[in-house]
Amino acid sequence: MKRLFLPLIFIGVGLLSKTDLMAQTEKRGEVQDQEFVIRKDRVLTVPAQPRVFERLPVLPQPSGIQDFRYSVTPYFLKIPALTLQPTAVQKDYRQPKLDLYSGYVRAGYGNFDSPLLEARFMSISPDPVSYSVNFKHQGFRKGPAGTYQDISPESHTLFSGDLGYFLSAAEIYGGLNWAQDKYSFYGEDPNFQIPNEADWNDPIVQSNILNNFQIFGGIRDIEKVGPFSYDAQLRFRTFKDSYLAKENEFGVRGEGKFRTDSDWSGKVGVEYFSTSPSNESYEITRSYFGIRPRISYDYEAFRFTAGINVVSEDDSIPGKESDFRIFPVLKASYQFAEEFGFFAEFSGDVNLNTYFGFVQENPFLGPDTRLLNTVNNYKVDGGIEGQFQETFHYRAGIDLSRYNNLHFFVNSMADSARFDIVYDEKTTVVNVNAELGFKFSETYSLGSRLDLFQYSLSTEAEAWHRPVWEFRVNNQIKPFEKLLIQANLNFMGGLKARGINTVEINPPVQEVVNLKTIADIQLKADFKITDRISVFAEGNNLTNGQNMRWLNYPVRGVQLIGGASFKF
1460 MKRLFLPLIF IGVGLLSKTD LMAQTEKRGE VQDQEFVIRK DRVLTVPAQP RVFERLPVLP
1520 QPSGIQDFRY SVTPYFLKIP ALTLQPTAVQ KDYRQPKLDL YSGYVRAGYG NFDSPLLEAR
1580 FMSISPDPVS YSVNFKHQGF RKGPAGTYQD ISPESHTLFS GDLGYFLSAA EIYGGLNWAQ
1640 DKYSFYGEDP NFQIPNEADW NDPIVQSNIL NNFQIFGGIR DIEKVGPFSY DAQLRFRTFK
1700 DSYLAKENEF GVRGEGKFRT DSDWSGKVGV EYFSTSPSNE SYEITRSYFG IRPRISYDYE
1760 AFRFTAGINV VSEDDSIPGK ESDFRIFPVL KASYQFAEEF GFFAEFSGDV NLNTYFGFVQ
1820 ENPFLGPDTR LLNTVNNYKV DGGIEGQFQE TFHYRAGIDL SRYNNLHFFV NSMADSARFD
1880 IVYDEKTTVV NVNAELGFKF SETYSLGSRL DLFQYSLSTE AEAWHRPVWE FRVNNQIKPF
1940 EKLLIQANLN FMGGLKARGI NTVEINPPVQ EVVNLKTIAD IQLKADFKIT DRISVFAEGN
2000 NLTNGQNMRW LNYPVRGVQL IGGASFKF
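Counting the sequence shown from 1 gives a position; my numbering is that position plus 1459.
Hints listed in this document are in silico derivations from the structure and should not be mistaken for laboratory results.
It is possible that part of the hints are untrue.
Okay, derived cross-link-like pairs now, SDA-like style, lysine to any residue, Cα gap no bigger than 25 Å in a straight line [claimed, not checked]:
| no. | residue 1 | residue 2 |
| --- | --- | --- |
| 1 | Lys1683 | Ala1791 |
| 2 | Lys2026 | Phe1939 |
| 3 | Lys1641 | Phe1618 |
| 4 | Lys1941 | Tyr1568 |
| 5 | Lys1641 | Arg1679 |
| 6 | Lys1601 | Ile1980 |
| 7 | Lys1838 | Phe1930 |
| 8 | Lys1595 | Ser1614 |
| 9 | Lys1601 | Ala1876 |
| 10 | Lys1595 | Leu1575 |
| 11 | Lys1716 | Ile1754 |
| 12 | Lys1699 | Val1869 |
| 13 | Lys1955 | Trp2009 |
| 14 | Lys1726 | Lys1699 |
| 15 | Lys1779 | Phe1618 |
| 16 | Lys2026 | Phe1618 |
| 17 | Lys1641 | Ile1610 |
| 18 | Lys1641 | Asp1874 |
| 19 | Lys1975 | Ala1876 |
| 20 | Lys1898 | Asp1985 |
| 21 | Lys1779 | Ile1880 |
| 22 | Lys1937 | Asp1979 |
| 23 | Lys1983 | Ala2023 |
| 24 | Lys1987 | Phe2025 |
| 25 | Lys1790 | Glu1804 |
| 26 | Lys1983 | Arg2015 |
| 27 | Lys1641 | Ser1737 |
| 28 | Lys1716 | Lys1641 |
| 29 | Lys1941 | Asp1874 |
| 30 | Lys1595 | Asp1621 |
| 31 | Lys1790 | Thr1887 |
| 32 | Lys1983 | Leu2019 |
| 33 | Lys1955 | Ala1978 |
| 34 | Lys1726 | Lys1779 |
| 35 | Lys1716 | Arg1679 |
| 36 | Lys1641 | Thr1813 |
| 37 | Lys1838 | Val1881 |
| 38 | Lys1955 | Glu1929 |
| 39 | Lys1699 | Ser1737 |
| 40 | Lys1595 | Val1994 |
Just need the whole structure built from these sequences, with the hints factored in.
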């Protein structure tokens, strides 16, 4: 019975399944609502298992000796203790030694019968004493005075010495200087005519030997970077010519500078000079005293300086109100960039003039009984400057100055071969200047400057013997290590001199003489044969121009000189 019941159950389940399938088949094709959800960003991630939980592999255990035994045998040796002798390590902290030479000798010879001798000896280890001795002589036994060149020689001799003693924080220094310059009054007026039926002999060219001796001494600090630095000096100078002109001068100079931790700094300068000029007709004593305090402020590329110049001098001038003068000093500069900056100045001062200073400017000066200082009432100066990559630099500016007693040189009415000093009461000078420079490594460098002047005078007719324009170019070429070449160009124009009309000589009538433009080309070459021996050659006035800086005084033509030098 049970066997029959089980097949009947299976048959009944099968019939029910077939009935449901047929019902689904009849509903196929009917549209029903459905909802689907699609997640595109779903990512199945499995957390990483940390490596620290990994099981270490089980290494096989080595089988070997499990028990180790060592035997130690003592050896008793009688060894003395080691004796050490430590020494400090010797290190040379000095800079590498350079090839320095204490002595230098230079000798040569040129046309116009011109010998040259120059010598120098100096210390190369300035601790604690430094010294130097210099000597130079150059002569021209023949002058440029045409038929009178044999009686118009010229020579220059110089001897100087310097000595310094270094203390822990200061230096005591001193020195002396002796110079002798010989000139000839060969200036001949080409327009001069010998009077008819006059007993006339050849002119006598007189010479003049100028001797000056200077001695000085002082003390100054060494570091120059501390909160205070100083420099004090005493000096004495004496001058004498072949005639009766003499001048002695005693001077004291001092300067102190202070520096702060901020952007402020300052300095004070003090100087006093007592000068005693004398001649056959006069002997006077002149004094000059000045105090110049300054204070400066620096902030990045901006610099400003303010101060005063206090001067007292005792020149005797008609209508002079006081010997005491005060001038303001204002200076400012700002560098916007390396390529461009500006500078400006407003100041005034009194320039000390001495007979020795005038003779250094014009050696054909005759005796003069009137020596006056030049008062610079005001100076207004401004301009621009800059450089490009330390290769090219420039500077341009304009200077407007007002002077009292500006000096000029004119030919003497009594002797046209000598000069007198004249002063203009009130003079305004405008100077426009420009500088250009270029440097290409050590091979080539150039420096040039142009100056234009304009003079407004009150008592003199012209700015006698002062240029209207100047132009200078200096070139230095070093094509290779042992050769150095210098080429210089110097031009000066617009010079005017005061001449005498030879037609009307009683009384003499003055006239303006326009001097020719001065053009001078110089070439110098130095070739180093060894580190000690060199040869040189120089040429001056290579255009062979009859340059005349002073009326009736033409210079020599082409001047050539050559020689050798030796270091020891």
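Hint check:
The straight-line distance between the Cα atoms of Lys1683 and Ala1791 is roughly 23 Å, inside the 25 Å bound, and the hint therefore holds. At most 25 Å may separate the alpha-carbon atoms for a hinted pair to count; Lys2026 and Phe1939 meet this at roughly 21 Å. Distance restraint check for Lys1641 and Phe1618: the Cα-Cα separation of roughly 15 Å lies within the 25 Å cut-off, and the hinted pair is therefore satisfied. Taking the CA atoms of Lys1941 and Tyr1568, the gap is near 22 Å; set against the 25 Å cutoff, the hint holds.
Among the hinted pairs, Lys1641 with Arg1679 is inconsistent with the structure: their alpha-carbon atoms are about 36 Å apart, more than 25 Å. For the proposed pair Lys1601 and Ile1980, the alpha carbon gap of about 21 Å is at most 25 Å, so the pair holds. For the hint linking Lys1838 to Phe1930, the alpha-carbon distance of about 23 Å falls within 25 Å, and the restraint holds. Taking the CA atoms of Lys1595 and Ser1614, the gap is near 11 Å; set against the 25 Å cutoff, the hint holds.
Distance restraint check for Lys1601 and Ala1876: the Cα-Cα separation of roughly 18 Å lies within the 25 Å cut-off, and the hinted pair is therefore satisfied. Proposed proximity of Lys1595 and Leu1575 is supported: the alpha carbons are some 8 Å apart, at most 25 Å. Pair hint Lys1716 plus Ile1754 holds up; C-alpha atoms about 10 Å apart against a cutoff of 25 Å. For the suggested pair Lys1699 and Val1869, the alpha carbons sit about 22 Å apart, so the restraint of at most 25 Å is met.
Using a Cα cut-off of 25 Å, the hinted pair Lys1955 and Trp2009 holds, with the two alpha carbons roughly 9 Å apart. About 36 Å separates the Cα atoms of Lys1726 and Lys1699, which puts this hinted pair outside 25 Å; it is violated. Using a Cα cut-off of 25 Å, the hinted pair Lys1779 and Phe1618 is violated, with the two alpha carbons roughly 42 Å apart. With a C-alpha separation of about 19 Å, the suggested pair Lys2026 and Phe1618 falls inside the 25 Å cut-off, and the hint holds.
A hinted pair counts as satisfied when its Cα atoms are at most 25 Å apart, and Lys1641 with Ile1610 qualifies at roughly 12 Å. Restraint check for Lys1641 and Asp1874: satisfied, since their Cα atoms lie roughly 19 Å apart, inside the 25 Å limit. Of the pairs offered as hints, the one joining Lys1975 and Ala1876 holds, with about 19 Å between alpha carbons and a cut-off of 25 Å not exceeded. For the hint linking Lys1898 to Asp1985, the alpha-carbon distance of about 20 Å falls within 25 Å, and the restraint holds.
Proposed proximity of Lys1779 and Ile1880 is supported: the alpha carbons are some 20 Å apart, at most 25 Å. At most 25 Å may separate the alpha-carbon atoms for a hinted pair to count; Lys1937 and Asp1979 meet this at roughly 22 Å. Between Lys1983 and Ala2023, the direct Cα distance comes to roughly 13 Å. Compliance with the 25 Å bound is thereby established for this hinted pair. With a C-alpha separation of about 10 Å, the suggested pairing of Lys1987 with Phe2025 holds against the 25 Å cut-off.
As the CA atoms of Lys1790 and Glu1804 are separated by approximately 4 Å, the hinted pair is consistent with the 25 Å bound. Pair hint Lys1983 plus Arg2015 holds up; C-alpha atoms about 18 Å apart against a cutoff of 25 Å. Note on Lys1641 and Ser1737: the hinted pairing holds, with a Cα-Cα distance of about 20 Å set against a maximum of 25 Å. Our distance criterion of 25 Å between C-alpha atoms is broken by Lys1716 and Lys1641, whose separation comes to about 42 Å.
Among the hinted pairs, Lys1941 with Asp1874 is inconsistent with the structure: their alpha-carbon atoms are about 51 Å apart, more than 25 Å. For the given pair, Lys1595 sits about 15 Å from Asp1621 by alpha-carbon distance, which is consistent with the 25 Å threshold. Distance check on the hinted pair: Lys1790 and Thr1887 sit about 21 Å apart at the alpha-carbon level, within 25 Å; holds. The straight-line distance between the Cα atoms of Lys1983 and Leu2019 is roughly 10 Å, inside the 25 Å bound, and the hint therefore holds.
Taking the CA atoms of Lys1955 and Ala1978, the gap is about 16 Å. The hint holds against a cut of 25 Å. Only pairs whose Cα atoms come within 25 Å are accepted, and Lys1726 paired with Lys1779 is rejected, the gap being roughly 31 Å. For the proposed pair Lys1716 and Arg1679, the alpha carbon gap of about 11 Å is at most 25 Å, so the pair holds. The suggested pairing of Lys1641 with Thr1813 holds, with an alpha-carbon distance near 20 Å, which does not exceed 25 Å.
For the hint pairing Lys1838 with Val1881, the CA-to-CA distance comes to about 22 Å; that is within 25 Å, so the pair holds. For the proposed pair Lys1955 and Glu1929, the alpha carbon gap of about 14 Å is at most 25 Å, so the pair holds. Taking the CA atoms of Lys1699 and Ser1737, the gap is about 10 Å. The hint holds against a cut of 25 Å. For the hint pairing Lys1595 with Val1994, the CA-to-CA distance comes to about 18 Å; that is within 25 Å, so the pair holds.
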